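Q: These are the residues of each chain, in order.
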Amino acid sequence: MTEQRPRDPGGLGGQSRRDFLRGSGVAAATAVLTGQATGVLDEAQAAEESAKVLSGTVEITLKVNGQERSCEVEPRSTLLDTLRNRLDVTGPKRVCDRGSCGACSTIVDGELVYSCTTLAVSCQGKTIETLESFETGEGSVPHAFHQNDGLMCGYCTPGFVTACKAYLDKHPNATEEEIRKGIDGNICRCGTYVGVLAAAKAAAQAKKGA
Amino acid sequence: MAEWPASPSVIGKRIPRLDGLLKASGKAKYPSDVHPKGLLFGAMLYSPHAHAKVKSIDTKAAEKLPGVKAVLVIAGPGTTLRYHGDDIAAVAAETEEQARDAIRAIKIEYEVLPHVVTEAQSMAEGAPVVFKGGNVKKGRSQTKGKPEDTMAGAAATIEATYTVPMITHVCLETHGLTVGMEGEKKAIAWASTQNVYGIAGDLAQALELDRGDVTVYTEFMGGGFGSKFNADVWGTTAAKLSKMAGGRPVKMFLDREQEHCAAGNRPSATAHIKMGADREGKIVSVIAEGHSTGGVGNGTNMILPYVYRGVPHYSVGQSNALTNRGGSRAMRAPNHPQSCILTEAAVDDLAEKLGMDPLEFRLKNLDPGSPITPIYQAEIPIGAELIGWREKRKPRGKTGTGPIRTGLGMALHTWGGGGNPGKQVSCTIHPDGSVDIKTATQDIGTGARTILAMIAAEMLGLQPTEINSLIGNSSYPPGQPSGGSTTTPTMAPPCYDAVTKARDALFKKVASAFNNARPEDLSLKQGQLWAGGEPVASWKEACRKLGTSPISVTGEFVEGLSSTGVGGCQFAEVSVDLETGEVKAKKIVAIQDSGLILDLLTWESQVYGGVIMGLNYGLFEEVVMDPTSGRMLNPDMEWYKLAGASDIPEIVVRAYSPPDEKGRQVIGVGEPPTISTAAAIGNAVSNAIGVRVTEWPMSPRNVLNALATASREGRS
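Residue numbers (my numbering), protein chains in the order written: chain A, 1 to 210; chain B, 211 to 926.
Just so you know, these hints were derived from the structure itself, not from any lab. None of these values were measured; they are calculated from a predicted model. Careful: at least some of the hints might be erroneous.
Stated by the list, open to error - Calculated lysine to aspartate or glutamate pairs in the EDC-like style (CA-CA distance at most 16 angstroms, straight line):
#, chain 1, residue 1, chain 2, residue 2
1, B, K239, A, E177
2, B, K492, B, D567
3, B, K796, A, E177
What the hints assert, rightly or not - Here are some chain A residues the structure puts well away from chain B; computed CB gaps all over 12 angstroms:
#, residue
4, G66
5, E72
6, S77
7, T157
8, N173
9, R189
10, Q205
11, K207
12, G209
Think of the CB as a built atom: it goes at the ideal place given N, C-alpha and C, for glycine as much as any other residue.
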């Protein structure tokens with residue numbers, strides 16, 4: 001058997017997401033960099049030397065929950081990993097790490113995004129909201145989740161709360177069926193959907209009453 | 211013998227969990243969230259092959275990469291790797307990106323060996339062996355009476371092979387921990403575990419420390435379902451990496467792929483079943499031969515026949531086929547969901563053969579010797595009413611003419627649960643009126659923290675929010691690992707014991723301060739101290755009389771507060787598209803007994819959650835292995851299918867709770883409600899489409915295959 005490079009643990013079929021980012025995403029990502037990242041390989045070189053490690057960091061500033069936060073990231077760093085590992089904003093969770101489950105849901109410029117498949121460098125100058133910034137009093141989405149027991153282990157909960165708030169902000173008159181569609185990008189393993197839907201309905205109701 | 215209060219003010223109510231808002235606002239810090247000073251990020255290198263030998267491993271390049279602080283080889287040259295996902299090496303680095311780069315930079319030469327990943331591969335003659343000694347291990351076999359002779363004389367018989375695949379736990383927080391050294395002799399860890407007390411021992415052993423030198427915190431954890439009882443290789447490896455890196459804490463959580471491949475599974479189960487009944491509809495004989503795989507671990511220990519243990523004649527044989535997959539672990543009601551599917555499918559098919567209503571058939575065949583039988587007899591009519599069995603159910607296959615057919619199915623389940631002696635809870639009443647409850651158990655999503663506070667509040671006449679319910683710390687009094695629906699029934703009695711003893715000690719100390727009352731004249735309710743039927747002081751005022759001496763009591767298990775053994779029944783209504791094979795669950799009804807319910811709100815959540823996990827098992831989940839490469843093809847959350855909000859049907863949950871049910875005390879409800887859902891769904895699908903789908907899940911492929919087979923054989 002010949003020597004072989006172990007497969008990237010995060011990837012599918014040999015081509016990992018990070019390889020892909022290295023190959024194609026970096027070109028787009030560097031376009032929005034304010035400073036030149038040192039050591040960034042260009043696209044052609046990256047493709048040629050796919051086994052070569054990309055290194056180098058860049059200082060960026062992100063507007064997170066109303067605060068300007070600076071940190072060093074690599075061009076390939078996701079928004080999720082940047083929030084969690086560098087800025088200690090750990091509400092959004094890493095679960096599938098591939099845009100399938102919604103646990104990392106974050107609101108960027110008013111739009112719900114999967115932060116595990118969003119590059120941090122692409123978020124400069126944008127408004128980033130995580131659920132830690134949400135109101136928690138009566139009538140709020142987190143409050144409704146608490147009262148309706150829309151959570152068990154709680155690890156998917158930040159994603160559901162964020163998706164629910166983002167959806168209700170845009171669709172204050174949503175029906176239950178519409179709410180289901182609105183949160184269909186999220187997965188719970190404990191099976192809290194009944195409580196989640198009750199919470200979402202209660203939050204929608206409270207919003208209308210407000 | 212201790213007794214729960216006859217007319218409680220807190221117990222049995224719907225109490226939102228104490229930590230619910232922390233979780234719903236993103237402020238709860240899970241073990242994967244903590245960021246102690248000097249944190250390093252860990253990453254694991256695991257086998258891309260199902261079966262291989264490590265010929266050589268070179269970590270030099272990895273060690274030289276920027277940010278890398280420690281590299282540890284787990285599987286050195288000569289080590290055999292037995293499954294995709296098997297541990298090889300680990301790295302700790304300043305950033306997670308650097309740790310992953312270092313993993314890629316480790317050079318390994320493998321000798322790839324032939325593998326067996328399916329049961330057929332494993333059981334084939336001359337198959338490569340997973341371990342020395344052969345792949346197929348005989349499991350428990352049982353024979354009672356004369357099954358062959360009785361079968362020959364039965365009025366009706368069925369014979370079929372039913373199959374349910376391996377699934378994985380899919381804990382949303384993957385397995386792992388954050389661990390660091392404090393000097394040479396102490397370690398501190400934040401572990402995602404169901405066993406905060408026990409895991410401290412695992413880490414102490416790996417670090418050659420005493421158990422008490424390791425403190426483990428599990429304030430919150432993101433799901434376990436039976437797979438998170440030990441520190442595991444990655445946990446002890448992280449501790450060693452921390453030691454290598456001068457004690458800096460290391461965060462090590464598996465990636466999703468390794469989580470699927472290596473962190474446990476519920477074993478598959480296949481059984482060839484013959485079942486026969488007499489003319490009256492009594493099952494007289496069962497002959498079953500089963501096999502299963504739990505990868506490199508144990509297979510399913512099939513309980514056949516399940517529930518209907520009164521069958522007079524049966525013989526059951528089973529074997530475990532080792533395969534090159536990660537090892538099985540306990541998963542929510544181990545062995546029961548598989549046993550339920552296999553039995554209840556056969557029971558349904560036999561009722562069909564006899565032309566009997568499967569509900570009546572089940573009632574006829576309940577085990578007269580089981581204490582659960584009267585519970586089933588009471589529950590089944592309630593469930594039948596709620597699903598509309600009498601009005602809606604049509605005989606199998608007589609469900610209309612269009613491409614969309616609807617059908618009803620049902621199944622029964624049982625579970626033990628119950629409390630065990632040996633664990634402790636402490637209760638401290640402080641002079642300022644604050645109350646601390648401490649025990650080294652953990653809340654895996656069941657609401658354990660809230661339950662303990664409710665018990666304390668009940669006995670002290672307070673609100674649950676006034677109690678500090680402190681769990682998830684290995685230095686607290688020994689608490690129960692969360693498994694087998696035993697946490698609540700095991701922890702509730704010592705909690706009751708600690709609180710009642712602390713309360714009585716308080717009465718003794720302060721009685722004289724209130725009109726020279728005797729301690730036995732005092733009581734607590736509505737936040738007040740009462741003496742002889744009059745409120746004499748607020749709780750805080752009463753506690754102030756303690757002066758500078760708090761009361762602290764450690765409670766032990768006491769008899770009379772918990773028991774064991776439950777039964778439940780579930781009904782499913784589904785629609786099936788005959789053209790696409792797509793199954794939609796329309797409604798599920800779950801009737802569950804579990805003795806005294808402590809928190810009705812979180813109890814209901816448990817039952818809903820169990821049903822939904824069962825719905826996933828019934829409709830979506832399976833580990834898909836590639837027989838050629840030996841790799842898992844769906845180690846993600848895209849192709850490993852789990853229900854989203856749109857897949858959730860109307861779910862009706864009822865506690866079977868007549869007055870005497872409370873007399874059965876606290877039992878625990880984590881496992882039971884997930885057992886029979888998938889069986890009920892499968893039976894509903896067969897009812898809808900007129901043919902038995904013998905393979906779970908009820909995926910389009912399996913449904914269409916069943917229809918095609920039936921059509922080929924001229925059965926539909």
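Q: Against this structure, judge whether each hint is valid.
A: Quick rundown of the hints versus the structure:
{"no.": "1", "hint": "K239/B with E177/A", "verdict": "violated, 33 angstroms"}
{"no.": "2", "hint": "K492/B with D567/B", "verdict": "holds, 13 angstroms"}
{"no.": "3", "hint": "K796/B with E177/A", "verdict": "holds, 14 angstroms"}
{"no.": "4", "hint": "G66", "verdict": "holds, 15 angstroms"}
{"no.": "5", "hint": "E72", "verdict": "violated, 9 angstroms"}
{"no.": "6", "hint": "S77", "verdict": "violated, 6 angstroms"}
{"no.": "7", "hint": "T157", "verdict": "violated, 5 angstroms"}
{"no.": "8", "hint": "N173", "verdict": "holds, 18 angstroms"}
{"no.": "9", "hint": "R189", "verdict": "violated, 5 angstroms"}
{"no.": "10", "hint": "Q205", "verdict": "holds, 17 angstroms"}
{"no.": "11", "hint": "K207", "verdict": "holds, 16 angstroms"}
{"no.": "12", "hint": "G209", "verdict": "holds, 20 angstroms"}
Figure legend: structure checked against the earlier numbered hints; hints not met, in rising order: 1, 5, 6, 7 and 9.
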